[in-house]
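Participant: Let the hints inform the model, and build the full structure from the sequences given.
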Amino acid sequence: MTDETQSAPEYTPTPAEAAEEAAALRTAAHRSRRSFIGLGLAGAAGVFGWGWLISRPQEQGIPRPLRQVLEFNDNLTSAYYRNTRLAPEFARSRARKIRTNGDVGLGGEFDPMAWRLRVQGFAPAGTAPRAQEFTFAQLRALPRTEMTTEFKCVEGWSTIVTWAGVRLSDFLAKYPLATRSGRAFDPNHPPADAAPFVSLTTPDQEYYVGLEIESALHPQTLLCYEMNGEPLSLEHGAPLRLVTPLKYGIKQIKRIGTIAFVEKRPADYWAARGYDWHAGH
Amino acid sequence: MKKIVEKHSLAIRWFHWVNFPVLSLMIWSGLWIYWANDVYRLGWGDTTLLKFFPDSFNKALSLDHKLGQGMSWHFVLMWAFFLNGLLYVLYTAFSGEWRYLLPNRHSFREAIQVTLYDLGISKQHPTIRKFNGAQQIAYTSVIVMGLGSLLTGLAIYKPTQFGWLTQLLGGYEFAHILHFALTIGYVLFFLVHIAQVVRAGWNNFRAMVAGFEVEEVNPRTHEIVAGPTALPAADASFAPTAPQA
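Chains C and E are the protein sequences, given in the same order.
Quick note: the first sequence uses my numbering, first residue 1, plus one each step.
Quick note: the second sequence uses my numbering, first residue 1001, plus one each step.
In case anyone wonders, no lab produced these hints; they're calculated from the structure.
Just so we're clear, the structure is a prediction, and the values are computed from it rather than from any experiment.
Do not rely on the hints blindly, as some may be mistaken.
As the list claims (entries may be wrong) - Each pair of labels, with its calculated beta carbon distance range:
hint	chain 1	residue 1	chain 2	residue 2	range
1	C	141	E	1027	46 to 54 Å
2	E	1050	C	12	56 to 64 Å
3	E	1027	C	58	19 to 27 Å
4	C	84	E	1170	22 to 30 Å
5	C	133	E	1080	31 to 39 Å
6	C	138	E	1021	56 to 64 Å
As the list claims (entries may be wrong) - Keeping only pairs whose Cα atoms sit at most 27 Å apart, straight-line, the calculated BS3-like set for lysine-lysine is:
hint	chain 1	residue 1	chain 2	residue 2
7	C	97	E	1051
8	E	1066	E	1051
9	C	97	C	174
10	C	97	E	1158
11	E	1158	C	264
12	E	1066	E	1158
Glycine included, each C-beta is placed from N, C-alpha and C at the ideal position.
Facilitator: So, in structure tokens, the structure goes:
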């Protein structure tokens, strides 16, 4: 208390005032007790609720209610998403060497010369998917796109890199495998018969990612074969990897073996391990 | 004669006590996320004064290898942090309680007086009011910091869809630094806050739980003789002898 307290009453309280004061102190004690019990109960309810939350059945590595909120966040983001919003691009001189992170799916014997890209087209319901194989030369023959964008790792670091390759949307313009009808389309307005999802896997199927078609058709989503002016190295995913500034690095699969256009949301390596399925920007 | 004087409304007390665990868990899950790329430090060149965070800190609190969990908690609890903060701001705006909380042209001078007094440098006791200038600045700053955390958070959560915001905040990496620095700011706020609450004593602490303080009131003049008053921090009330409301 302050100095003023000691110098306080300069008067003698009347009996009525003394009674009023006693009543006020009783009320104070009563309200105080009630409030502290209330806070204690609220705290206990919070701890109990927390216990309940973390004891819910797990769904892909995290309690179900958490997964549901992450799905809600994704729906909100998808509603806001526009293909016309581009990630910032930088001057080529700002590009840096990027660290090597993650080698799942890059093990075992691998001969880049014998490599083929296998693409499974979106099939009409009830029919077997059309699969088509592409050589590296066929992909190189498609329009080349170069961009200097910021690569963002889910761990928190980021590096500006110059990438080059073919836009997935340009690939689909030439080889219209994303629609049931087999017709090409404007990537900004996918028709109703376009596959809603894309699944990408390494040749050994150890690493796999899923994308929603909108992100796959974004003008900055590349099937990439060059990094910082050089052919892609094996540890960075040669001969072909996915690059998109719309997603964390965990989605930018190295050494693509198969691309499949599918109806159902495909499995995703890191989403199965507790991460957000969209991992999107 | 002792009387009950109302201090904090029920809404304010709820906002306060909801925010405390929510912000704590936001910081905790943030530490799980930060562990995966713990690169910040205070220092220059090869000299590091303080690494965020020493391995012993991570070990002691078992913060390691929880990036995925940390992200899911962070992106769930952000809603609680945002909604509670938004309701608080709307409540103070519409109830008029912002008058007690927003700093005015006297707050900075008063804040210096309060700081000098609290550090024992000055003997002159500042005018006692519901919130003094230092409190007004602190409680308003922490709300601005909350807004800063939301914006820098959004800038690093969706740096392509909200690319304009990310650019406005100095780019992806700088927005990260701001987001981290704000968190350190909350921890510093918390330390000072706790020290001041301990200093101020039981009457003040109880008010944040039960809503009222017990004050010494002169029954003849109805003037509060001692202790913080509920007078607004308007310019007029800054006068050494506060006028009666």
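Participant: Determine for every hint whether it applies to the structure shown.
Facilitator: Right, here's what the structure says about each hint:
no.: 1; hint: 141(C) x 1027(E): 46 to 54 Å; in the structure: holds (53 Å)
no.: 2; hint: 1050(E) x 12(C): 56 to 64 Å; in the structure: holds (59 Å)
no.: 3; hint: 1027(E) x 58(C): 19 to 27 Å; in the structure: holds (25 Å)
no.: 4; hint: 84(C) x 1170(E): 22 to 30 Å; in the structure: holds (24 Å)
no.: 5; hint: 133(C) x 1080(E): 31 to 39 Å; in the structure: violated (50 Å)
no.: 6; hint: 138(C) x 1021(E): 56 to 64 Å; in the structure: holds (58 Å)
no.: 7; hint: 97(C) x 1051(E); in the structure: holds (25 Å)
no.: 8; hint: 1066(E) x 1051(E); in the structure: holds (20 Å)
no.: 9; hint: 97(C) x 174(C); in the structure: violated (32 Å)
no.: 10; hint: 97(C) x 1158(E); in the structure: holds (24 Å)
no.: 11; hint: 1158(E) x 264(C); in the structure: holds (25 Å)
no.: 12; hint: 1066(E) x 1158(E); in the structure: holds (21 Å)
The structure does not agree with the numbered hints 5, 9 stated previously, though it agrees with the rest.
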